[in-house]
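Engineer: Sequence:
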Amino acid sequence: MTDSAAGLIRTLIENLKEAPDEWTSLSMVLGFDHEKVNSVGGFVYGAEDVVTSVTASPYDIRPAVKAFTDERYPDGTPLPVSMLVQFDSPTGNYEVTFEDTDSSRWQVTPANFKTIREVLRPNFA
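The sequence shown begins at 1 in UniProt numbering and counts up one residue at a time.
Since the hints were made in silico from the structure, they are not lab data. Don't be surprised by glycine CBs; every beta carbon is placed ideally from N, CA and C. Keep in mind that a hint or two might mislead.
[To be verified] Lysine-lysine pairs mimicking BS3-like chemistry, simulated, CA-CA at most 27 Å apart:
| no. | residue 1 | residue 2 |
| --- | --- | --- |
| 1 | Lys-66 | Lys-17 |
| 2 | Lys-36 | Lys-66 |
| 3 | Lys-17 | Lys-114 |
| 4 | Lys-17 | Lys-36 |
[Said to hold, decoys possible] Beta-carbon label-pair distances, calculated as ranges:
| no. | residue 1 | residue 2 | range |
| --- | --- | --- | --- |
| 5 | Lys-36 | Phe-113 | 36 to 42 Å |
| 6 | Ser-53 | Pro-74 | 18 to 24 Å |
| 7 | Glu-18 | Gly-76 | 32 to 38 Å |
| 8 | His-34 | Asn-93 | 30 to 36 Å |
| 9 | Thr-24 | Phe-113 | 18 to 24 Å |
| 10 | Met-1 | Ala-125 | 15 to 21 Å |
| 11 | Thr-2 | Asp-75 | 16 to 22 Å |
| 12 | Phe-113 | Thr-77 | 19 to 25 Å |
| 13 | Glu-118 | Gly-76 | 20 to 26 Å |
| 14 | Thr-24 | Lys-114 | 15 to 21 Å |
| 15 | Glu-35 | Ala-6 | 23 to 29 Å |
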């Protein structure tokens, strides 16, 4: 894991809002405007299929997100429209997926709330 990836994941975990104490994995979708992260939301997954909707303040995680995205999107390169961060705490496995054009790719709506949380669930098998 790179230093910037570790910093990003650590910062997300430290700034989770509404997360229960007992969770084992997370998926967070970070939305971007043209300059910075401006939305954060996702899910933490626990034992017995407990899934909790969580968020974090874009302001609080912005430095860690910038450090991470600067490696892939150097100055002048447009940022993605969103980024999916998946992390499994017991194994330390993680994956970051960038979406450069489709801002609705991981959008949570009332119609897809139960299915999207499973689509986003980390699965590193």
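Engineer: Give a verdict on every hint.
Structural biologist: Hint-by-hint comparison with the structure:
no.	hint	verdict
1	Lys-66 to Lys-17	holds, 21 Å
2	Lys-36 to Lys-66	holds, 7 Å
3	Lys-17 to Lys-114	holds, 20 Å
4	Lys-17 to Lys-36	holds, 20 Å
5	Lys-36 to Phe-113: 36 to 42 Å	violated, 27 Å
6	Ser-53 to Pro-74: 18 to 24 Å	violated, 34 Å
7	Glu-18 to Gly-76: 32 to 38 Å	holds, 36 Å
8	His-34 to Asn-93: 30 to 36 Å	holds, 31 Å
9	Thr-24 to Phe-113: 18 to 24 Å	holds, 21 Å
10	Met-1 to Ala-125: 15 to 21 Å	holds, 19 Å
11	Thr-2 to Asp-75: 16 to 22 Å	holds, 19 Å
12	Phe-113 to Thr-77: 19 to 25 Å	violated, 33 Å
13	Glu-118 to Gly-76: 20 to 26 Å	violated, 37 Å
14	Thr-24 to Lys-114: 15 to 21 Å	holds, 19 Å
15	Glu-35 to Ala-6: 23 to 29 Å	holds, 24 Å
Violation of the numbered hints given earlier is confined to hints 5, 6, 12 and 13; the remaining hints are satisfied by the structure.
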